[in-house]
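Student: For reference, the chains in residue letters:
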Amino acid sequence: MNYVKTLIRNLIRGPSTVAYPFGPAWTPVHFRGRVEFKLSSCTACRACEQVCAPGAIRFDKTPEGLRFMLWHNTCVFCGLCEYYCPTDAIRQTDDWHMAHATANQYQMAIREVIPYVSCSACGTKALASAPNPVGVIPPFSAEEIEQQRNLCPGCRKTALAERGVTK
Amino acid sequence: MTTLIQTLSNRVRNMASRSPWIYRINAGSCNGCDVECATTALIPRYDVERLGCQYCGSPRHADIVLITGPLTARVKDAVMRVYAEVPEPKVTVAVGVCPISGGIFRDGYAVHAPIDQHLPVDVNVPGCPPRPQAIIEGIAQAIAIWRERL
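Each protein sequence line maps, in turn, to chains A and B.
Under our numbering, the first residue of the first sequence is numbered 1, with each subsequent residue one higher.
Under our numbering, the first residue of the second sequence is numbered 1001, with each subsequent residue one higher.
No lab work stands behind these hints: they were computed from the structure.
Treat each hint with caution, since some may be false.
To be verified - Quick look at which bits of chain A chain B covers, simulated, 3 or more residues with Cβ under 8 Å:
#	stretch
1	19 to 32
2	49 to 62
3	70 to 79
4	91 to 98
5	102 to 114
All residues carry an ideal CB built from backbone N, CA and C; glycine is no exception.
With the sequences and hints as input, model every part of the structure.
Tutor: This is the structure:
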């Protein structure tokens, strides 16, 4: 009579099939999906480009600045870029709705440019990237990040030395 | 007589558009995407047959082709031969990042990725491997394209 028990149990529990695509689908909490890039936090250290196994991340020098490019059709969602990013500029979301028509395949990319600025102290051309926060105690405040962003690498060092930080 | 034939062919077209058959081609895949494709079809949790699809064993019965793998040099001729046997109209779905761009095998000497320079691909499902729901999403898009082509 075991089958009667199973039958009743199954009737009570309902179907085990996930309703998707006719209903919502469950996504695990730490699902590694589509990558997001936050330009304002990027330090242009290029660690993500270095660790990216399939070469999905690329930095190019353009006349406007340093261009960050990530193509989701090569990304294998390993999460190394997120792990090595010192400022959490690159982050993985739990979005997995990425099926698309082949005509749109080159729109499945992130293209962002870190612009050049002239250094506010000495006037040389420099990248307006966020300062590297590793080893900076106490951590940078929001105003300090904006100040550092407008400095060239040499003047950033001077500013950090005046601040009294041993890196 | 012509009206009868037209009515019949319309009827058949309507019926066929609700039950596309799926054929899988492994173009040198690591088996990750193949496992996910099998999961999509075989276990009741995902069950692609709700969309009217069925996996078939012969390319000559197929309507939708799922291709996995970066098209390795060794398997290329076989894949092109099998793909040519699938009757028109057909819809091709590239499952995983390997057929779309090569994935981690990109620019490798033994792979001919991306696959869309050798055969027409209609839908891409990126992922390494894509989760079964993502494959179902891709198949749903493929069915919509197939209805238009029929």
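Student: If a hint holds in the structure, say so; if it does not, say that too.
Tutor: Quick rundown of the hints versus the structure:
1. With a threshold of 8 Å between beta carbons, the proposed coverage of the stretch 19 to 32 of chain A by chain B holds, since 4 of its residues qualify and at least three are required.
2. For the stretch 49 to 62 of chain A, the stated coverage by chain B is satisfied: 3 residues place a CB nearer than 8 Å to a CB of that chain, which reaches the threshold of 3.
3. Coverage of the stretch 70 to 79 of chain A by chain B holds in this model, with 8 residues showing a Cβ closer than 8 Å to a Cβ of that chain against a need of three.
4. For the stretch 91 to 98 of chain A, the proposed coverage by chain B is satisfied: 3 residues have a C-beta within less than 8 Å of a C-beta in that chain, meeting the threshold of three.
5. Counting residues of the stretch 102 to 114 of chain A whose beta carbon lies closer than 8 Å to any beta carbon of chain B gives 3, which reaches the threshold of three, so the coverage claim holds.
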